[in-house]
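Number of protein chains: 2
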Amino acid sequence: MALIDEIREQPAVAQRLLASPPPALGRLAAAVGRRRPSTVVLAARGTSDNAALYAQYLFAVRNSMLVALATPAALTLYGARPRLADALVIGISQSGRSPDIVAVVEEGRRQGALTLAVTNEGASPLAAVADEVVELGAGDEHATAATKTYTSELVAMALLSFALDAPTAEERAALAAVPEAMATALATEAACAELAARRASMARCVVLGRGYEYATAREWALKLQELAQVHALAFSAADFEHGPLALADPELDVLAVAPSGRSLDAQVGLLQRLHGELGARLLVLSASAEARHIDAGIALPADVAEWAAPAVSILPGQLFAYHLTRARGLDPDAPRTISKVTETR
Amino acid sequence: MALIDEIREQPAVAQRLLASPPPALGRLAAAVGRRRPSTVVLAARGTSDNAALYAQYLFAVRNSMLVALATPAALTLYGARPRLADALVIGISQSGRSPDIVAVVEEGRRQGALTLAVTNEGASPLAAVADEVVELGAGDEHATAATKTYTSELVAMALLSFALDAPTAEERAALAAVPEAMATALATEAACAELAARRASMARCVVLGRGYEYATAREWALKLQELAQVHALAFSAADFEHGPLALADPELDVLAVAPSGRSLDAQVGLLQRLHGELGARLLVLSASAEARHIDAGIALPADVAEWAAPAVSILPGQLFAYHLTRARGLDPDAPRTISKVTETR
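Protein chains in written order, with this note's numbering: chain C, 1 to 345; chain P, 1 to 345.
In case anyone wonders, no lab produced these hints; they're calculated from the structure. There's no promise every hint is true.
Unchecked claim - Per label pair, the in silico range of CB-to-CB distance:
id, chain 1, residue 1, chain 2, residue 2, range
1, P, T168, C, P99, 23 to 33 Å
2, C, H293, P, R81, 29 to 39 Å
3, C, E170, P, G33, 44 to 54 Å
4, C, P167, P, R273, 41 to 51 Å
5, P, A200, C, R273, 22 to 32 Å
To be verified - Chain C regions said to be covered by chain P (calculated; three or more residues, Cβ under 8 Å):
id, segment
6, 38-47
7, 243-250
Bear in mind that the values here come from a model prediction, so they are computed numbers and not experimental data. Glycine is no exception: its CB is placed at the ideal position from the N, C-alpha and C atoms.
The shape of chain C in the complex, shown without the other chains (with noise of 0.2 Å):
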């Protein structure tokens, strides 16, 4: 299966997950009512570390539990033991094969932590160590870069936030409502390929979100990375402004995602004065038409709850490096130098 095959087949793999919630999930609800565990510790790498990030926003806002992500380098080059006997840790990997988060979840289990593998391989080393595994059911991801696999971890997050603390009617529609909401971003694919041809000739650009969709910059990112080799940086809009700011000219690219609330309220001062003031080219990811006319944009579905948002905002940015990496003449089905699973320690 193709690239562009496992980025259409979203909706449907969204939704084949939203319909049959992986068992692990109540029963890792229950030990956590019983063990209330002080902090969440999210270990991942690469696109899992991005949907680790969402993770970090939706616990905290929505579960009112307090996540850090972990620094695995520490424990497999430095030794560290940090104390996690009282908090939940969850690795989280496509493969189940990195060396270094599977270390983060055995040391946690070796003092006793709660531990959750999220993976797309049930007969991985990460499930192997784990208390409880998410499996995403996402089918075999061919493709070197994660599409699928990712928004399926961000499904599989808001399905555990669910679980800790049971969602209310609207929060349960607004989840309910992704995979068609997903179907609506596809639908911009023709949009996304003439942009994206104009745009042939962008060998940087600068990737800005904040809030939930801070997650969605760093994915596009490294979408823009490894499939266009497209020098892609990623900013929360805030960090974006204590410095790199400096960057901005009429040279730069920058690529926005804000689709709405907060994220686009958070941001659109900033984008104004990106494109008015400092002449840097936008091309604004948004539900409104507003943000979108600042200069270019992709239209973003409305009405999506701004914390289910980032499993739909991306499609479009991964569509958009999509059609950009062919307009330069690359392979999305054979990005150069990187493998499907990397070992890191």
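Guided by the hints, dock chain P onto chain C, whose structure is given.
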């Protein structure tokens, strides 16, 4: 005072801080001994966030503490109330005036957490809301690009780690040796200027580090962005292998910081591959002649303890960024667009 003077002042500033450790550290350590916080939460942006990243490794390795980098936007945009009561909440800010950082410390205080401000401005809003204040005493920092406050923050983090768990004689000596090692690192200025002149046309680059030196890679990239307007992409060497490695080709400049020990061992194979197999141009900051001679390099002082090295290894990075800025015809004392105090919310 110009930027170059502030860069050169760093050994004296670090020496001053080491000679009279802030009394707040002892009081905080006593409170930590009583309260035994489950997690350390670090809130910072920009350069200070890179100091927080260093602390995340140091506190995990040396103090076996679980450390979370705060996502201030979860609080300020979405009203999150993560459970902080059992945490030690530390805000790090040169100016003490970033509202979102103040908001995280304020929320910690409201919930009854132990709180600490680390700042160069004892009269700032951040200092006002925290239980204890570590003043950096770096003197006024006039340049927009932070340098001496960054290394002061690193030294302050090491002193805090010492206050929480008493150092061995060897560790004490290693930290005391930092100012002299900084002076040795500053002596590379002519070499930095020469290598910068040769790379005056460099518009983009990848900056790599690993472990403790990932913070250095990020801070070096930030100086290159805000001063030299170079599109600098920082990665932990492990994350780089998970996808962005596709960027590597003979047109790519790779800067790496790999002083010695594990941060060197964990990167040397990747650096050899990047230059030998993929043709990228390297500039390696290292105490190892072998690592420097893969392609080009700048010598870091030998015999600096790995956990103390980031306060030393950033100095040639700052000097390189400064001279590259001048080589590109830009003014390091007047970076465009950005201001010294950035009040993100």
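Does the structure break any of the earlier hints, and which numbers would those be? Every hint satisfied by this model.
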